[in-house]
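**Student:** The chain contents come next:
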Amino acid sequence: SAVISQKPSRDICQRGTSLTIQCQVDSQVTMMFWYRQQPGQSLTLIATANQGSEATYESGFVIDKFPISRPNLTFSTLTVSNMSPEDSSIYLCSVTVGGSRTDTQYFGPGTRLTVL
Amino acid sequence: AQSVTQPDIHITVSEGASLELRCNYSYGATPYLFWYVQSPGQGLQLLLKYFSGDTLVQGIKGFEAEFKRSQSSFNLRKPSVHWSDAAEYFCAVGDGSASKIIFGSGTRLSIRP
Numbered sequence: 001s002a003v004i005s006q007k008p009s010r011d012i013c014q015r016g017t018s019l020t021i022q023c024q025v026d027s028q029v030t031m032m033f034w035y036r037q038q039p040g041q042s043l044t045l046i047a048t049a050n051q052g053s054e055a056t057y058e059s060g061f062v063i064d065k066f067p068i069s070r071p072n073l074t075f076s077t078l079t080v081s082n083m084s085p086e087d088s089s090i091y092l093c094s095v096t097v098g099g100s101r102t103d104t105q106y107f108g109p110g111t112r113l114t115v116l
Numbered sequence: 001a002q003s004v005t006q007p008d009i010h011i012t013v014s015e016g017a018s019l020e021l022r023c024n025y026s027y028g029a030t031p032y033l034f035w036y037v038q039s040p041g042q043g044l045q046l047l048l049k050y051f052s053g054d055t056l057v058q059g060i061k062g063f064e065a066e067f068k069r070s071q072s073s074f075n076l077r078k079p080s081v082h083w084s085d086a087a088e089y090f091c092a093v094g095d096g097s098a099s100k101i102i103f104g105s106g107t108r109l110s111i112r113p
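Protein chains in written order, with my numbering: chain A, 1 to 116; chain B, 1 to 113.
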């Protein structure tokens, strides 16, 4: 398994500003993921972050809005840029642990973002 | 591409009663299937997973799920629910791995005292 922490746990921000969310894992992992969970909704994958390469974004998400860094195998950041109230969501990071046939995805506690 | 459907948005059961949450998936090959639980204000916790082998999978907190290929289902069950089981439950399917998984819309479980 993996223990994942996120900072901040929650924040209230003004529109037009940016927030950087940190994700720290207690072990080295190849793949890290960032998800968005809008109020009352399911999880939607924003991007996959591999160390040493550019993040891969899902349809509907762009690097200018959600820049991601992955400086090493235990850490990643997601920035929500030029925020609007529609960005109010829970943002979760996750990692996969295990072998290729038995891997499992573990999630951090999430960052609850409110944009006013 | 894979997809997953949870047809029940909200279910209420009495404490001590049995529970079954439905999950149907769409995937061409043998899928990787997961159930996660999200308690209020919490992140997601893995309850159980299915990759291959025995189609009845045991998980944590007394939950189990059965993979039925003929019905494309992976329903979650618990014989006797506790008030602490009140939460949001998500079924998820992976395309041959856990690296890219698609989540269902979730089922909110309420427990009646």
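It should be emphasised that the hints constitute simulated quantities derived from the structure, not laboratory data. Among the clues, some could well be false.
What the hints assert, rightly or not - Computed Cβ-Cβ distance ranges for the label pairs, DEER-style:
| no. | chain 1 | residue 1 | chain 2 | residue 2 | range |
| --- | --- | --- | --- | --- | --- |
| 1 | A | Thr30 | B | Ser84 | 22 to 28 Å |
| 2 | B | Pro7 | A | Pro67 | 19 to 25 Å |
| 3 | B | Gly28 | A | Arg10 | 21 to 27 Å |
| 4 | B | Arg112 | A | Thr79 | 39 to 45 Å |
| 5 | A | Gly60 | B | Ala29 | 23 to 29 Å |
No residue lacks a Cβ here, since even glycine has one placed at the ideal position from N, Cα and C.
**Student:** Please go over all the hints and tell whether each is borne out by the structure.
**Tutor:** Now for the hints, and whether the structure bears them out:
The given range of 22 to 28 Å is broken by threonine 30 (chain A) and serine 84 (chain B), whose C-beta atoms sit roughly 35 Å from each other. Between proline 7 (chain B) and proline 67 (chain A), the C-beta spacing of about 37 Å breaks the proposed range 19 to 25 Å. The given range of 21 to 27 Å is broken by glycine 28 (chain B) and arginine 10 (chain A), whose C-beta atoms sit roughly 40 Å from each other. Hint check: arginine 112 (chain B) to threonine 79 (chain A), Cβ distance near 43 Å, so the stated range 39 to 45 Å holds.
The hinted range of 23 to 29 Å is satisfied by glycine 60 (chain A) and alanine 29 (chain B), whose Cβ atoms lie roughly 26 Å apart.
Comparing the model with each numbered hint stated earlier shows that hints 1, 2 and 3 do not hold.
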